[in-house]
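A.B. asks: Please put together the full structure from these sequences, using the hints given.
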Amino acid sequence: LTDPHEEYITRAVGNLVLKGRTTPTRTWELLGSRKCGSPGLILGAAKHAEAYDLYSRRCFAEARSLFCEARECFVNEIGAKNDRLSEHFVHLCEQYMSSPPPDDWDGVERLNAK
Numbered sequence: 877l878t879d880p881h882e883e884y885i886t887r888a889v890g891n892l893v894l895k896g897r898t899t900p901t902r903t904w905e906l907l908g909s910r911k912c913g914s915p916g917l918i919l920g921a922a923k924h925a926e927a928y929d930l931y932s933r934r935c936f937a938e939a940r941s942l943f944c945e946a947r948e949c950f951v952n953e954i955g956a957k958n959d960r961l962s963e964h965f966v967h968l969c970e971q972y973m974s975s976p977p978p979d980d981w982d983g984v985e986r987l988n989a990k
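Residue numbering for the sequence shown follows my numbering, starting at 877 and increasing by one per position.
One should not assume that every hint holds.
[As the list claims (entries may be wrong)] Derived DEER-like restraints, expressed as beta-carbon distance ranges: (1) P977 <-> W904: 18 to 26 angstroms; (2) R910 <-> S974: 19 to 27 angstroms; (3) S975 <-> C912: 37 to 45 angstroms; (4) K911 <-> L987: 26 to 34 angstroms; (5) L892 <-> I918: 22 to 30 angstroms.
Keep in mind that the hints were calculated from the coordinates and are not lab data.
Even glycine gets a Cβ: it sits at the ideal position worked out from N, Cα and C.
C.D. replies: The following block contains the structure:
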């Protein structure tokens with residue numbers, strides 16, 4: 877089987893514990909086919925991947941900067957006013973920069989609504 881991340885442009889949404897569940901699910905957003913993807917979309921996804929890796933390693937200031945760059949790539953690419961996922965991670969980084977998570981933080985987000 878082919879790795880779907882090689883065939884498609886994706887970006888991590890996060891490790892989410894959905895309402896009513898107890899274990900996290902690694903969740904991805906499908907952005908398009910790599911064969912047809914624009915350079916801007918591919919660049920935005922690459923910046924998001926690097927930012928998510930930094931975020932997972934608790935490098936929140938560096939991650940925030942790259943999430944902002946990724947947001948600009950996506951906004952410019954699709955002509956939207958904003959990119960909600962990038963904004964979500966920018967907000968989380970800012971939150972953790974001002975109030976760091978506990979030492980046992982694993983990056984999992986628990987969703988309380990469907």
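A.B. asks: Would you mind marking each hint as holding or not holding in the structure?
C.D. replies: Outcome of the hint check:
1. P977 <-> W904: 18 to 26 angstroms: holds (23 angstroms)
2. R910 <-> S974: 19 to 27 angstroms: violated (37 angstroms)
3. S975 <-> C912: 37 to 45 angstroms: holds (42 angstroms)
4. K911 <-> L987: 26 to 34 angstroms: Since the Cβ atoms of K911 and L987 sit about 33 angstroms apart, the hinted range of 26 to 34 angstroms holds.
5. L892 <-> I918: 22 to 30 angstroms: holds (25 angstroms)
Against the hints set out earlier in the document, a violation occurs for number 2 only.
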